[in-house]
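Colleague: Sequence:
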Amino acid sequence: MGEWKGDNPLQSVRQFKLHETEMEFLTIEEMQNLIFKSEVHEFHGDIHKIIKLCLATGARFREASRLTGVQLTKYKVTFTQTKGKKNRSVPINPELYDVIYKESSGPLFNIGYSTVYRFIVKHVPRLKQQAAHVLRHAFASYYMMNGGNIIALQRILGHSDIKQTMRYAHLAPDHLEDVVTQNPLTSLEVSP
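FYI, in our numbering the residues of the sequence shown are 1 to 192.
Heads up, a few of these hints could be off.
[Stated by the list, open to error] Once the Cα atoms are required to be at most 27 angstroms apart in a straight line, the calculated BS3-like pairs of lysine-lysine come out as:
hint : residue 1 : residue 2
1    : K163      : K37
2    : K5        : K83
3    : K86       : K122
4    : K102      : K86
5    : K76       : K86
6    : K102      : K128
7    : K74       : K86
8    : K102      : K37
9    : K102      : K83
10   : K86       : K163
The set of hints was computed from the structure by calculation and includes no laboratory data.
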């Protein structure tokens with residue numbers, strides 16, 4: 001097979017512009033409710049652990065559910081089976097470590113996606129379309145609203161392209177206002 005030598009036949013075709021859609025995420029009350037209901041859930045104790053882990057690390061459900069004891073070190077989890085095929089480590093607080101720690105090198109959890117999906121849909125029906133992924137969105141959204149760094153968020157979420165992470169940038173309290181204090185003119189001593 002040869003290589004095309006002529007002009008690009010699609011050069012005059014305009015690219016579609018897709019409208020950005022606003023991602024919905026859990027409210028503080030909804031997160032508290034999910035954590036409370038999962039703690040007292042008699043059917044499956046791992047729901048509580050998975051919900052807390054995803055909210056604390058931004059992990060995808062699949063990444064969290066496949067964690068093994070080897071991937072958990074004191075106050076840090078290392079996700080190895082990631083969508084981007086790159087390992088990433090995320091710090092966790094001592095309380096969460098104590099909740100998910102299991103003295104074993106095997107799987108930390110024994111829970112399927114459909115169990116968590118049904119649990120979330122039952123308690124937050126307005127987010128049915130996002131279900132378990134809403135925990136990841138909640139992490140990223142509140143991380144930025146609480147003053148988190150967009151580059152750090154990119155690394156935590158494992159995004160290969162910053163454009164993916166920029167969906168959360170508008171949630172930073174001062175994300176555009178910083179231009180007033182961080183432009184080069186503010187450090188110059190120029191008389192009026």
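Colleague: To test your reading of the hints: which numbers does this structure violate?
Modeller: 1, 2, 3 and 6
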